[in-house]
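Residue numbers (our numbering), protein chains in the order written: chain A, 58 to 195; chain B, 595 to 895.
Calculated from the structure, these hints are not laboratory results.
Once the Cα atoms are required to be at most 25 Å apart in a straight line, the calculated DMTMM-like pairs of lysine to aspartate or glutamate come out as:
1. Lys113/A / Glu186/A
2. Lys187/A / Glu115/A
3. Lys191/A / Glu168/A
4. Lys793/B / Asp783/B
5. Lys674/B / Asp132/A
6. Lys644/B / Asp670/B
7. Lys754/B / Asp148/A
8. Lys759/B / Glu170/A
9. Lys644/B / Asp148/A
10. Lys710/B / Glu169/A
11. Lys793/B / Asp151/A
12. Lys126/A / Asp180/A
13. Lys705/B / Asp148/A
14. Lys191/A / Glu118/A
15. Lys674/B / Glu646/B
16. Lys141/A / Glu662/B
17. Lys674/B / Asp148/A
18. Lys126/A / Asp183/A
19. Lys884/B / Glu646/B
20. Lys710/B / Asp151/A
21. Lys793/B / Glu169/A
22. Lys754/B / Asp151/A
23. Lys705/B / Asp180/A
24. Lys705/B / Glu170/A
25. Lys793/B / Glu776/B
26. Lys705/B / Asp151/A
27. Lys759/B / Glu115/A
28. Lys141/A / Glu118/A
29. Lys126/A / Glu753/B
30. Lys141/A / Glu712/B
31. Lys661/B / Asp148/A
32. Lys644/B / Glu671/B
33. Lys759/B / Glu139/A
The structure presented is a predicted model; accordingly, all values stated were derived computationally and were not measured.
Given next are the chains, with one letter for each unit.
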Amino acid sequence: MATFTGASSTTLFSSRQISRQCLAPTRISGLKLVSFSQRSNLPLSFRRLQVSCAAKQETVEKVCGIVRKQLALNDDTAVTGESKFAALGADSLDTVEIVMGLEEEFGISVEEESAQSIATVQDAADLIEKLIEKTSTA
Amino acid sequence: MLPYVCKLCLNLKIHCIDQRMFCTSSLLSPLQLPSRTETHLWYVLPNEVKSEPLIKKYVDLLSPIEKENVFSMRGDELQKLALLARALVRTTITRYQICSHVSPRSLEFRKNAHGKPEVCWQHSDDWHPPPLHFNLSHTSTLIACGITIDSPIGIDVEEKQRRMKNNILSFARRYFSREEVERLSAISDPEVQRQEVIKLWTLKEAYVKALGTGFSGAPFNTFTIRFGSANPNPDAKDSAVVIVPLENQTNLTTNWQFAQVELAGSHYAAICRENDGISEGAPMKLIVRKTVPLVEEHCVL
Numbered sequence: 058m059a060t061f062t063g064a065s066s067t068t069l070f071s072s073r074q075i076s077r078q079c080l081a082p083t084r085i086s087g088l089k090l091v092s093f094s095q096r097s098n099l100p101l102s103f104r105r106l107q108v109s110c111a112a113k114q115e116t117v118e119k120v121c122g123i124v125r126k127q128l129a130l131n132d133d134t135a136v137t138g139e140s141k142f143a144a145l146g147a148d149s150l151d152t153v154e155i156v157m158g159l160e161e162e163f164g165i166s167v168e169e170e171s172a173q174s175i176a177t178v179q180d181a182a183d184l185i186e187k188l189i190e191k192t193s194t195a
Numbered sequence: 595m596l597p598y599v600c601k602l603c604l605n606l607k608i609h610c611i612d613q614r615m616f617c618t619s620s621l622l623s624p625l626q627l628p629s630r631t632e633t634h635l636w637y638v639l640p641n642e643v644k645s646e647p648l649i650k651k652y653v654d655l656l657s658p659i660e661k662e663n664v665f666s667m668r669g670d671e672l673q674k675l676a677l678l679a680r681a682l683v684r685t686t687i688t689r690y691q692i693c694s695h696v697s698p699r700s701l702e703f704r705k706n707a708h709g710k711p712e713v714c715w716q717h718s719d720d721w722h723p724p725p726l727h728f729n730l731s732h733t734s735t736l737i738a739c740g741i742t743i744d745s746p747i748g749i750d751v752e753e754k755q756r757r758m759k760n761n762i763l764s765f766a767r768r769y770f771s772r773e774e775v776e777r778l779s780a781i782s783d784p785e786v787q788r789q790e791v792i793k794l795w796t797l798k799e800a801y802v803k804a805l806g807t808g809f810s811g812a813p814f815n816t817f818t819i820r821f822g823s824a825n826p827n828p829d830a831k832d833s834a835v836v837i838v839p840l841e842n843q844t845n846l847t848t849n850w851q852f853a854q855v856e857l858a859g860s861h862y863a864a865i866c867r868e869n870d871g872i873s874e875g876a877p878m879k880l881i882v883r884k885t886v887p888l889v890e891e892h893c894v895l
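Could you put together the complete structure from these sequences and hints?
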């Protein structure tokens, strides 16, 4: 985790630069940071919003990877959070195999009702986050 | 001259009732709707549909929403599949020449409460629509549509050569019932085992689609498909198949009929429909037709 002690000795750091620095370590570690050692002009709620977006992006990327592998997509086929499984050519067997892959990757268990409601990569990532949070707080 | 011609005829493949025809649907002779004891299965091979003018004709049959869905698919191949699926269902239903005001373009569809597609007939005082049911399934190389009268229907097709990305028994343990996993685990040849997993998948999928309550309405591991030994004919295409619910669920019944067939030498197809109450225990009366919508069709024995 980067230290910001150097920044406190000067007033030249703008709030925008601080926010960039705050984001970098969270993306690498994937952890949710609650407090910073560095004084910042940004409101606490804004910083927390940046942190939770970064974690979801990593999840989305992992889901994209699993989907790519299952559907054997070309590198030039773009897969993002908005991508619909059906539009990528996933049939029912692909979908359940993807769910299985996600369960193994994230150590979760997906109910049939939840699996049925997944239409996009983002839906899958959101569900995974919800299930991980449930198992970690249980 | 005559004996030579006769010998030639005998060497030709025998087609049943409908001869190979190359004409538009308005010129094809009207086809009878299936009787209550029959099930019709139609299929098209996308690789055989290459004519650009024909593909354009298919686009013209679609509703605006269907066109939007087709063009939202990623890539030409997926768009063509989606287009052919809609063209197949529209032309197949109207192939039965139900009524003069029903044409492939005029058909409307809706989804039931659980998302299962059905025909939305235009009612009028002097015309009552037939109780026609349909279900679609496709892979990247085959699209199929099943038709019944007075019975819910579900179909599923899979490529025989389909490889699972997951370990085959892990997959079975995740989605199938314990009894089914036991049966599959006992198969020693890995290739036969893979085939049986795919075939069982299609049967279960066909059943759930026939029920029409969606994947979560009857989760796959809450029922077993058991092959009965009651069938006296070991060569029969279909086995006596029973559904064994794991719990006493009132919405699952054992009143369903199954058939398994191979299509085009490349696909397993499973068909599930309600027992008609007449042909209890007998194999499903299934008529299979290969088609290129608007162009040709012939029965496949």
